[in-house]
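Asks: Input sequences plus hints: build the corresponding full structure.
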Amino acid sequence: MSTIKSTKFSRRSFLRTSSLASGGMLIGFNLFTACKDNVKMPVDISKLDYNDFNAFIKISKEGMVTIFSPNPEIGQGVKTAMPMIIAEELDVPWNHVNVVQGALDTKNFVRQVAGGSQSIRFGWDALRETGATARQLLINAAAAKWGVDASECTAKQGVISNGKGETLGYGDVVNEAALLQIPESDESTSEEEKSENPEFKDTQAEKAEGKVTLKDPKDYTIIGTDVKNVDIDKIVTGKPLFGLDFKAEGMVFASVLRPPAFGQKLESFDAEAAKSIPGVIDVITIGEKAKAMLSGDQVNWTVKLAPTEKVVVIAKNTWATIKAKKAIKAKWSEMSTLESTEKHDEALTGLLDGNDFNTLRKDGDVKKAFAQADQVIERTYESPFLPHNTMEPMNFYANVTDDKIHLVGPVQTPADAATTVAALLGRNVEDIHLEMTRMGGGFGRRLYGDFVYEAAEISDAIRKPVKMVSTREDDMTTGVYRPAIKYRIKASIKDGEITGYQLKEAAVGGNMYGLIPNFFPAGAIENYQVDVASYNSNITTGAWRAPYTNFLSYAEQSFLDELAEVMEKDPVQMRLDLLEKVKGTTDDRIQYSAERLQDVLKLVVEKSGYNTPKDGVFQGVCAYYCHNTHVAEVADVVMEGNRPVVKKVTVAVDCGIVVNPLGALNQIEGGAIDGVGHAMYGDFKFKDGVPQSKNYDSYRLLRMMEAPTVETHFVKNTLSPTGLGEPTLPPAGAAVAIALNKATGHRIYKQPFVSNMASKPVIG
Amino acid sequence: MPTYTLKINGTSQSIEAAEDTPLLWALRDELNMVGTKFGCGIGQCGACTVHVDGNATRSCQLQVSQLDGKEITTIEGLSEDGSHPVQKAWKEIDVPQCGYCQAGQIMTASAFLEKNPNPSNKEIKSAMHGNICRCASYNRIEKAVAAAAENKMA
Chain A
94 MSTIKSTKFS
104 RRSFLRTSSL
114 ASGGMLIGFN
124 LFTACKDNVK
134 MPVDISKLDY
144 NDFNAFIKIS
154 KEGMVTIFSP
164 NPEIGQGVKT
174 AMPMIIAEEL
184 DVPWNHVNVV
194 QGALDTKNFV
204 RQVAGGSQSI
214 RFGWDALRET
224 GATARQLLIN
234 AAAAKWGVDA
244 SECTAKQGVI
254 SNGKGETLGY
264 GDVVNEAALL
274 QIPESDESTS
284 EEEKSENPEF
294 KDTQAEKAEG
304 KVTLKDPKDY
314 TIIGTDVKNV
324 DIDKIVTGKP
334 LFGLDFKAEG
344 MVFASVLRPP
354 AFGQKLESFD
364 AEAAKSIPGV
374 IDVITIGEKA
384 KAMLSGDQVN
394 WTVKLAPTEK
404 VVVIAKNTWA
414 TIKAKKAIKA
424 KWSEMSTLES
434 TEKHDEALTG
444 LLDGNDFNTL
454 RKDGDVKKAF
464 AQADQVIERT
474 YESPFLPHNT
484 MEPMNFYANV
494 TDDKIHLVGP
504 VQTPADAATT
514 VAALLGRNVE
524 DIHLEMTRMG
534 GGFGRRLYGD
544 FVYEAAEISD
554 AIRKPVKMVS
564 TREDDMTTGV
574 YRPAIKYRIK
584 ASIKDGEITG
594 YQLKEAAVGG
604 NMYGLIPNFF
614 PAGAIENYQV
624 DVASYNSNIT
634 TGAWRAPYTN
644 FLSYAEQSFL
654 DELAEVMEKD
664 PVQMRLDLLE
674 KVKGTTDDRI
684 QYSAERLQDV
694 LKLVVEKSGY
704 NTPKDGVFQG
714 VCAYYCHNTH
724 VAEVADVVME
734 GNRPVVKKVT
744 VAVDCGIVVN
754 PLGALNQIEG
764 GAIDGVGHAM
774 YGDFKFKDGV
784 PQSKNYDSYR
794 LLRMMEAPTV
804 ETHFVKNTLS
814 PTGLGEPTLP
824 PAGAAVAIAL
834 NKATGHRIYK
844 QPFVSNMASK
854 PVIG
Chain B
8 MPTYTLKING
18 TSQSIEAAED
28 TPLLWALRDE
38 LNMVGTKFGC
48 GIGQCGACTV
58 HVDGNATRSC
68 QLQVSQLDGK
78 EITTIEGLSE
88 DGSHPVQKAW
98 KEIDVPQCGY
108 CQAGQIMTAS
118 AFLEKNPNPS
128 NKEIKSAMHG
138 NICRCASYNR
148 IEKAVAAAAE
158 NKMA
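Top to bottom, those sequences are chains A and B.
Here the first sequence is numbered in our numbering, starting from 94 and rising by one per residue.
Here the second sequence is numbered in our numbering, starting from 8 and rising by one per residue.
Simulated from the structure, these hints should not be mistaken for lab results.
Where hints are given, some of them may not hold.
As the list claims (entries may be wrong) - Straight line, CA to CA, 20 Å or less: simulated SDA-like cross-link-like pairs of lysine to any residue: (1) A/Lys409 - B/Lys129; (2) B/Lys98 - A/Lys740; (3) A/Lys787 - B/Lys129; (4) B/Lys159 - B/Pro92; (5) A/Lys154 - A/Thr260; (6) A/Lys311 - A/Leu794; (7) A/Lys332 - B/Leu38; (8) B/Lys150 - A/Leu755; (9) A/Lys327 - B/Thr80; (10) A/Lys740 - B/Glu26; (11) A/Lys321 - A/Gln194; (12) B/Lys98 - A/Leu755; (13) B/Lys95 - A/Ile325; (14) A/Lys416 - A/Ser369; (15) A/Lys741 - B/His136; (16) A/Lys332 - B/Gly84; (17) B/Lys95 - B/Asn125; (18) A/Lys416 - B/His136; (19) A/Lys409 - B/Glu23; (20) A/Lys332 - B/Asp88; (21) A/Lys409 - B/Glu37; (22) A/Lys409 - B/Lys98; (23) B/Lys132 - A/Lys321.
Replies: Set out below in structure tokens:
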């Protein structure tokens, strides 16, 4: 476990400074990688190159700080939290800091991806180091000006003081600071290393300049305080922020008619009626270029390119595109099997019944444990596909000209988008200039750039600036879905202990991979095995908020609860006992901390009143580790008449240091309610390749009256922060299912809960 | 295409548009007022909520030809500087996550509080039930509406 300490970074390897021609200092830095050797820092603020640096900080002659970052914001709050970390170490008042979303010139991308709750976790060290280094440069410049030793000077809230009571503002010394060499830190170099390495003599000589030190967490004045969303004023007054709000001179609108069923391709179409609608400019087709990138009927799942032509309406306004699209008479033909939910059910059950698995983790011998057991329990859990349903539908702006390709919009993976557009259009990636807008939700959908390629291909065809806009129906029916999954879990009990545990996954398009088989209860049970099987489908599946664990958590935690019931054990104590066995493990594949998981479980039990239940309140408890954060949740269900109602979710979280509690709570509450909502209501079926839900009249999302109250408690520590965009979602469905069982006496083995239990629950 | 004159945020504005053009798209595409958001186009999500004669209304379901003589207020006109009690409460509580649905939420809440300045929590939840927040910032929306009601009375 890492605690607050100086990092192993060599500072000069990941940040550079320059003196701006207009005055002030510019610092460029990298969050995740070292700088290339030959990079040059610009002296003109309009020439920031994000191929060389993740972000830049400008400190003006007035002492104002501007942070330029192209990092996309999808609602998870990093656009606020990341600058907070810099401002803390730089030690400036928060109201002196301004954040500007920068554009990307797309050559060689580093990690500019919002996804996996990783932005803060990966950025933590580099952001602190950068802020602290800038502070020390300013102190060193002030010390030189005064002719005193830097160690006699301190900096606080944008002002440097020396021992004689003199002060200088950051702005007063910023021009001098920009010319100084970047100082290294004391802590990163041991005395031994110094004596062995002659290079450190230089460092020794620089001692008078003062070394970079990171703050002690107890001295934090910004980290750990409530800071409001940096875009809040624009959001509440309706200013243009999102991709759909972007406009450019001469821009036209486009809407794409895609095959109504997965597995179909375009045969022919009649656009005569569509062309006569006022405002319609033209009706064209795209897709030839995508087909050329693929071979035969192959579909590139990672970028969601299908080998079919699509019909595109070009019009002067969005409404004309929507109307005209409905007026197009298109004929579609079958390219591959048109799949239905019934068939998926059969196929996944067939996989679970079969023997064709890929084993991802195997400890001991589960077969032997099952054979020797006093009792064996096996349960199967089922989930449907889920669409993302971002509130802002997919859209993108493209302007393809002979010189340049300008792309603007909401996408979580700009690097892939740019390289794929370049390949698609046969252009150099250097021609592409991509700007990211604020995103009206992502939940994984905007990791896939299909809408960017469509916009680019349309603009390439018509040679005009164009905005491709999807309708809600387009979004819901031509999406990338959380795969339908079935889990079969089997456990053996011998002499009152769990001796074996085997989890089998069957998923459409695959699901679990990587480190997940090493999550709890891996390590706690002697004989343990995780097997996966995948059904190949032509329905596009992919990441959906808390990928891989959003449904796995419900299955595993529900199973553990039932196991405790069968063993006549307290479900909390059973988990604590299992976790006890993992403490001090030498298995370095184990991803979670048994101590931290125990601590959140104990905290949620205490705060939710789990051990002193109120009359008529039925509580379900679970603890789960995913996306690097440890979470435990208790759901409260009450019966109103014969209807169970989810009233409250108590959440205990260990995410290390909480950078911005106000933003963190928002993520935690949203994640927990989202988890409840999709477990209760989320359902998405296919018939002959056609999605059976198309808009919010046929797809149920949780609304206000169904939203439980979320109460959050943090485990307080000074460990490095981990992300919060996802980790509270997976346990929520599990806690609700367990509470519903207590309230109704029915175990639920299938999502959505509303369709799969005897008495229909409502939330509210 | 016919011309329509719409009274939006106290100012009369003329647009050329097909008669079945929803107010939502007239605002966004013709008048460059993009604060009103497109979410579903069928009146189910509330992202496009505006006030028509003081009533919270789904602008995706209103055609420009039906608006003669109506007073329309959008998020841009709710206040000049974000100082409407509901906007202030939204800032105070720091409601938004992605922020996309929030203009619609604010328009629904502000029309509701005009009619019911002292609502119970149950009334607040019922009034806001038609507006989807996909990020599920529902706890804060509820708090902010209650806070706006309190601030307004003070």
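Asks: I'd like to know which numbered hints this structure contradicts. Please list them from smallest to largest.
Replies: Numbers 1, 2, 3, 6, 10, 18, 22 and 23, in rising order.
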